Structure formats: C-alpha cells, structure tokens
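33 is the number of the first residue of the sequence shown in my numbering; add one for each residue after it.
The hints are simulated quantities; they were obtained by calculation from the structure and are not laboratory data. The structure presented is a predicted model; accordingly, all values stated were derived computationally and were not measured. Misleading hints may appear alongside valid ones.
[To be verified] Label-pair ranges, simulated between beta-carbon atoms:
no.	residue 1	residue 2	range
1	Arg-361	Asp-244	18 to 28 angstroms
2	Arg-233	Asp-147	31 to 41 angstroms
3	Ser-42	Arg-236	24 to 34 angstroms
4	Asp-189	Glu-330	51 to 61 angstroms
Built from N, CA and C at the ideal position, the CB exists for glycine as well.
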Amino acid sequence: MGAGPDRGLSVNERLVVDLLLDHGPLARPAIARAAALSRPATGDLVQRLLDRGLLVTAGEAETVQRGPNAMTYEVRRDLAHVAGVEMQPTRVQVAVADVTGAVVAEVEAEHGSGDRAEDLVARVLGEASAQVGISTTALRSVVVGTPGVVTPAGDIDFVSGHADWGAGQLARLESAVGAPVRLENDVNLAALAEQRLGAGRESRSFALMRCDEGLGVGIVLDGELLRGAHGYAGEVGYVPWGRPYGRPEAGFQSLVARARLADLLATHDVLDATPEEMLADPSRHPDVNATYLAEVAERFALLCLTVCAVLDPERLVLSGTVAAAGGERLTDAIAGNLHDMSPMRPAVSVTALGAGAVVAGAVTTALALAREELFGVPDRVPVLGVVP
Numbered sequence: 033m034g035a036g037p038d039r040g041l042s043v044n045e046r047l048v049v050d051l052l053l054d055h056g057p058l059a060r061p062a063i064a065r066a067a068a069l070s071r072p073a074t075g076d077l078v079q080r081l082l083d084r085g086l087l088v089t090a091g092e093a094e095t096v097q098r099g100p101n102a103m104t105y106e107v108r109r110d111l112a113h114v115a116g117v118e119m120q121p122t123r124v125q126v127a128v129a130d131v132t133g134a135v136v137a138e139v140e141a142e143h144g145s146g147d148r149a150e151d152l153v154a155r156v157l158g159e160a161s162a163q164v165g166i167s168t169t170a171l172r173s174v175v176v177g178t179p180g181v182v183t184p185a186g187d188i189d190f191v192s193g194h195a196d197w198g199a200g201q202l203a204r205l206e207s208a209v210g211a212p213v214r215l216e217n218d219v220n221l222a223a224l225a226e227q228r229l230g231a232g233r234e235s236r237s238f239a240l241m242r243c244d245e246g247l248g249v250g251i252v253l254d255g256e257l258l259r260g261a262h263g264y265a266g267e268v269g270y271v272p273w274g275r276p277y278g279r280p281e282a283g284f285q286s287l288v289a290r291a292r293l294a295d296l297l298a299t300h301d302v303l304d305a306t307p308e309e310m311l312a313d314p315s316r317h318p319d320v321n322a323t324y325l326a327e328v329a330e331r332f333a334l335l336c337l338t339v340c341a342v343l344d345p346e347r348l349v350l351s352g353t354v355a356a357a358g359g360e361r362l363t364d365a366i367a368g369n370l371h372d373m374s375p376m377r378p379a380v381s382v383t384a385l386g387a388g389a390v391v392a393g394a395v396t397t398a399l400a401l402a403r404e405e406l407f408g409v410p411d412r413v414p415v416l417g418v419v420p
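Take the sequences, apply the hints, and build the full model.
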C-alpha cells in the first residue's frame, strides 16, 4: 500500500514515529520515557497515529509485573515499499524494503547479450516486487547506484567505457520502471551505508575507498556526504599519476585498480595466483609474498596520502575484493607507510559490509525519501539507545 497521511505530522507525532522506526515495537510507557513526554500526552499521540492508520498493535510487551501486559505498537509496515538497486555493467542487484527498513525481497541477475541496463533493472525490480505482492509502480522510491558521475541534476554524466549510460539514463530508467527513480554514484551509496551500519558510525569524517576494476572514494565530512559542485568529488582515478593527464588509465586507477595489481604480480613471475589469493595467504609464494604485500601497501598509501592531504578524515575505510583479502595485514602495512610518508595518522580499516554495501546505501536513501514524503521532514532527533 502506498497511501500516506492526509496532513503532515506534528513534531511530537513524528518523534513517536521515528522512535518506533529506530527501536521497533514499544509500549506506551517506553515511548513516553524515550520521548520525554507525559503518559497521557503519549497516549493521545499513539491513539491519533492509530486512528490515521500509521501505527498498528504489534503484541503484548514482556513484563514481570502482575496483571495484563501492555500492548506494543509499531509503524504499519505496508505504508510504503522502497527499492535499492546496484546497476553495474555486468549485473543488477535489487533489494525491496518496507517502510521500517526490513528487507522483504532480494534478486540479482547478470546482464545478458543485448540487455539494456534500464530493461534489466525493470525486470529484476519486477521480480522482487512480485515476491512482496506489489507492482513496481507501487514502489514509493527507487534509488539506483551506478558507476560513474551523477550530476547535481540527478542524471549520469558519463560512465567510463559505457557511453550508452550517459545523459538521459534517469528518464530511461523511470520510463522502464514506472516509479520515481533517483540515481546516485555507487561508491557514495556505499559510504552512506558505512556511515549508518559500519565504521562510519564511529567517525564524523571518513573516506570510503573502493578499489576494484575501477576506483572511487565516497567522502563524508562532518556527517554529510560530499558530492562536489558537479558530482566529481571522489573521482580520484583522475588524479595525475602518469601521462596522458586527465584519463583514468593514467591516473591513480593505473596504480591501484585490481588489473594493475595483477600486472604487478606478473612482474614477480607469479601467474597461478590472483592478488586476492596472495594477500589473503602469506604462505602463497612465500619467496615474494611479503614483497608483494609491501608494494601493494605502498601504492594504496600513496592514494591514501593524497586523500588525507586534501580532506584530513578521521578514518580511511577500504572496500573491494583486494582490501577484503588483505584485511588487517594490508591495512597495518598501509598505516605504516602513511606514518613514514607524513605526520598524518588516520585510522585505517576494511569495511565489514561486503558486496551488499551499495544496495544497503540505496535502501537507506530510498527510505529517507519515502519517510519524508509520508511523514514530513523530522523536526527533532529521536532519542537513541533507550532501553525500554
């Protein structure tokens, strides 16, 4: 169901809704304590939200007191459904969530010969939506993560190596899907997921560095995602490293992209192992393993130093298959290089969110859009960490 309230919520009504979204089902006394409201006022608020169809009873609260247990309440889950999508040249991954943020369907598919990106996104979204019993047109918000640069107007500027993904992709997606679509850079969405679910929870300022076939940095400064005036913030693949200038194949991407790390391995005459296998297993080719680790760490450290000199983040978070394989062994070596190269001392860690970070960030963004549409922009921040 996609119907919203007939008027905006009051400040305290929205506070109650946000508490239930953050904590799950709560009884009225727990809501009153968390919201710092009187019990009579809380009872009135809960009843109004029940009457408007925004809350439902969830069951009885567990208690050791004698007498009937208090009822708990939760936000009605079918108020809205949203979707988070990762759209890559080789695959599409989709998650559909209800308004509480619970993921209720997930589907992934590979690109086939001749598939247009927008058609595959629409098909996979249709499959995921059907699992929930809705159509894609009923989705309140769809956020699609894509490689490349997304402009402030919300369309793709370009994706390196995929000219057909340029301007007009937003309109093509909305036409194919039949629901409101927002495009966002995939690494930026991974950074938003890191902020909410990962190491970013402990840092107001951090940089998420994603190094796979391509290279990108998602930047959060003072709790806010930095996109830049034209959407190019974090496109460190273009930072000059060699000639010709201004092209990914000559920038930092030529130094730390996975294919280049594989080339580096070949210079050691190692042809039967991937960069991931070498970094994950110190016993693999022990005669060159430590040397290879040191060379990879130095390359990453040069990139990290460039980012730190401009942004000075509290933390650097590495993502991608190479970083995951290297783990603490790699991050410790990178941190050591940074200390040797400069006086900068950011924390360096590997993300724990894995391959689903982009979709998680897309779902988080889609939920924020849907909730603002349903409930209005929150005027107060709900109390977090309250034990009912």
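Hint by hint, here is what the structure shows:
1. Arg-361 with Asp-244: 18 to 28 angstroms: 19 angstroms, holds
2. Arg-233 with Asp-147: 31 to 41 angstroms: 37 angstroms, holds
3. Ser-42 with Arg-236: 24 to 34 angstroms: Because 30 angstroms falls inside the window, the suggested range holds.
4. Asp-189 with Glu-330: 51 to 61 angstroms: Check failed, 32 angstroms falls outside 51 to 61 angstroms.
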